[in-house]
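2 protein chains.
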Amino acid sequence: MLSAENRQIRLARRPVGELGPEDWEHVTEPAAAPGEGRFAGRTRFISLDPAMRGWLDDRPSYLPPVGLGEVMRAGSIVEVTESNHPGFAIGDLVVGMFGVQEHVISDGKGALRIDPATASPSTFLGALGMSGMTAYFGLLDVGALKEGETVVVSGAAGAVGTMVGQIAKAKGCRVVGIAGGAEKCALLTGELGFDAAIDYRAENVRKALRTQLPDGIDVYFDNVGGEILDAALACLAMRARVVVCGAISQYNATAVQGPSNYLSLLVRRARMEGFVVFDYAPRFAEAAREIGGWITDGRIKVLEHVVRGTVDDFPQTLQMLFRGGNTGKLVLELV
Amino acid sequence: MLSAENRQIRLARRPVGELGPEDWEHVTEPAAAPGEGRFAGRTRFISLDPAMRGWLDDRPSYLPPVGLGEVMRAGSIVEVTESNHPGFAIGDLVVGMFGVQEHVISDGKGALRIDPATASPSTFLGALGMSGMTAYFGLLDVGALKEGETVVVSGAAGAVGTMVGQIAKAKGCRVVGIAGGAEKCALLTGELGFDAAIDYRAENVRKALRTQLPDGIDVYFDNVGGEILDAALACLAMRARVVVCGAISQYNATAVQGPSNYLSLLVRRARMEGFVVFDYAPRFAEAAREIGGWITDGRIKVLEHVVRGTVDDFPQTLQMLFRGGNTGKLVLELV
Chain A
1 MLSAENRQIR
11 LARRPVGELG
21 PEDWEHVTEP
31 AAAPGEGRFA
41 GRTRFISLDP
51 AMRGWLDDRP
61 SYLPPVGLGE
71 VMRAGSIVEV
81 TESNHPGFAI
91 GDLVVGMFGV
101 QEHVISDGKG
111 ALRIDPATAS
121 PSTFLGALGM
131 SGMTAYFGLL
141 DVGALKEGET
151 VVVSGAAGAV
161 GTMVGQIAKA
171 KGCRVVGIAG
181 GAEKCALLTG
191 ELGFDAAIDY
201 RAENVRKALR
211 TQLPDGIDVY
221 FDNVGGEILD
231 AALACLAMRA
241 RVVVCGAISQ
251 YNATAVQGPS
261 NYLSLLVRRA
271 RMEGFVVFDY
281 APRFAEAARE
291 IGGWITDGRI
301 KVLEHVVRGT
311 VDDFPQTLQM
321 LFRGGNTGKL
331 VLELV
Chain B
1 MLSAENRQIR
11 LARRPVGELG
21 PEDWEHVTEP
31 AAAPGEGRFA
41 GRTRFISLDP
51 AMRGWLDDRP
61 SYLPPVGLGE
71 VMRAGSIVEV
81 TESNHPGFAI
91 GDLVVGMFGV
101 QEHVISDGKG
111 ALRIDPATAS
121 PSTFLGALGM
131 SGMTAYFGLL
141 DVGALKEGET
151 VVVSGAAGAV
161 GTMVGQIAKA
171 KGCRVVGIAG
181 GAEKCALLTG
191 ELGFDAAIDY
201 RAENVRKALR
211 TQLPDGIDVY
221 FDNVGGEILD
231 AALACLAMRA
241 RVVVCGAISQ
251 YNATAVQGPS
261 NYLSLLVRRA
271 RMEGFVVFDY
281 APRFAEAARE
291 IGGWITDGRI
301 KVLEHVVRGT
311 VDDFPQTLQM
321 LFRGGNTGKL
331 VLELV
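Residue numbers (my numbering), protein chains in the order written: chain A, 1 to 335; chain B, 1 to 335.
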């Protein structure tokens, strides 16, 4: 073992409202050696995702909540340092749900070797990882997007949002992104090729949507909930699909604000549908191939926001997501 | 003409919140004679529907709002009194959107002759009319109901609700109805064969749903919105369908209460979808045949709440819908 110590971030208590330092425990324990059929790895990159907030609440959801005192759940990329597993060799880079800790032991279940020749390692957490998979299946499967349709995505400058918009463009659709701040909006319409961007901090989103899309929205991909969801519901085209991916504006709220415009689903014969990306695991390889092709031919640009630090930086880095502090996929690189 | 006068109810102003007498104008004008290609009819039955409240608001919807000073829109059954139309003879009973007035003139568009040998005339406003069609297509097409599934319907003792529950039973499903008051609940589980009923005035709906349906709801047919919709959203089974048919609890509200539990659509991979029954017009005959068969073989009981009076009784009869005063299809029979 390169190190005898394993620094970890564990959940100290159930957070109420916004996360704070007292919600986490910073722990050091001895790094373990891998038993038979297992490998040991050193964490290189940790994924930070809005969904993490939901994992901390003690209520029924698509995954059990992170237990009090447990290592925080997170997707990460580790480098194999020792192996008693035939599928993994020293030096391999592996992606999996290894948690927020410096060292991991794995029996290989749910762990996937990545090929660093294809793309930089952190891409396997973002564009070619859960963020890309979420965008791909949410938009194409749940949203049933058809060529020539009109797509609106909120949280457009985030990990999933940047992918949603670019996949929609690759599929021949018109795309409007909603994001906070002029800088993010300029990035969307500039580098990422969105047709238009709406700055929700500076504009009336509903009015802006009506101006940009007088014929209405065919697919609305919602990452934020709250008032922006309501604005989009007011601007649906007939038979529109609203993809419920997340609600970052509500995750720290003690009472969720329901969409008061939901009756436009009736007027517009529209549907609102939720999904969980893990259900699509059998088709991840297929999606990764198509996304990989778009990255190679330049139609999709990979946007990452990499914070370099230690696992101790995890709590404050996570906060960036809820303050709109990141652009593209937020990753903590351990140095 | 049997009468030289035509009494009408017209919209006097845009109502705010609850309807009141000042929202309506009671007008008498001379009854007209039918021109070439038209027939005249005397109104026999007028349909009263929760959707009427929405037609009074000046906002974009699936039908244009009723104009100020216009005769109130309503489905009704008229008896032909004079005809210059080859398709309609004196004495024929005809169903159509003829409005709240004693006498009508029609060119036959959207008018349908009914066969009083099949069922009593008012049935063509309820079980074999728009209420039945709404239940049928909402449940089977939008809700995509499958045999053996679990259905919950709110407003269960109303015109649509009584049909939803009985159609679901005819399709081999388990049905729980939500209604207000012990009397309505007893009717649902007694005469109408629902498996269970929840009295929302006396019970905690969410707890009762969990007790009745520990495995969750497959199809929730919502007629009411508000807190009951939220309770149902909290109890969905995986891949559930929420059919948004109406929101009677919200129609008189100046601000609609959005469903704060909508994120369970995500957790449960569920969808919430709206529809408008008029879209299914090409398939009404097919539905009427199947519903007619169930009425004949006794699997569906037709439940009507008939108020006998004049068109002047329309405003206060309409109020019954929003106060839970009716059981089954509410009809005003002109005497």
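Warning: the hint list may mix true and false statements.
Pairs count within a copy or across copies, as identical chains cannot be separated in the list.
As the list claims (entries may be wrong) - Derived lysine to any residue pairs resembling SDA-like cross-links, with alpha carbons at most 25 Å apart:
#1 K301 - S61
#2 K207 - Q257
#3 K169 - G216
#4 K146 - A33
#5 K207 - L63
#6 K171 - G69
#7 K169 - M52
#8 K207 - R174
#9 K171 - E304
#10 K207 - W294
#11 K207 - T254
#12 K146 - R299
FYI, nobody ran anything at the bench for these hints, they're computed from the structure.
Enumerated hints in conflict with the structure, sorted upward: 1, 4, 6, 7 and 10
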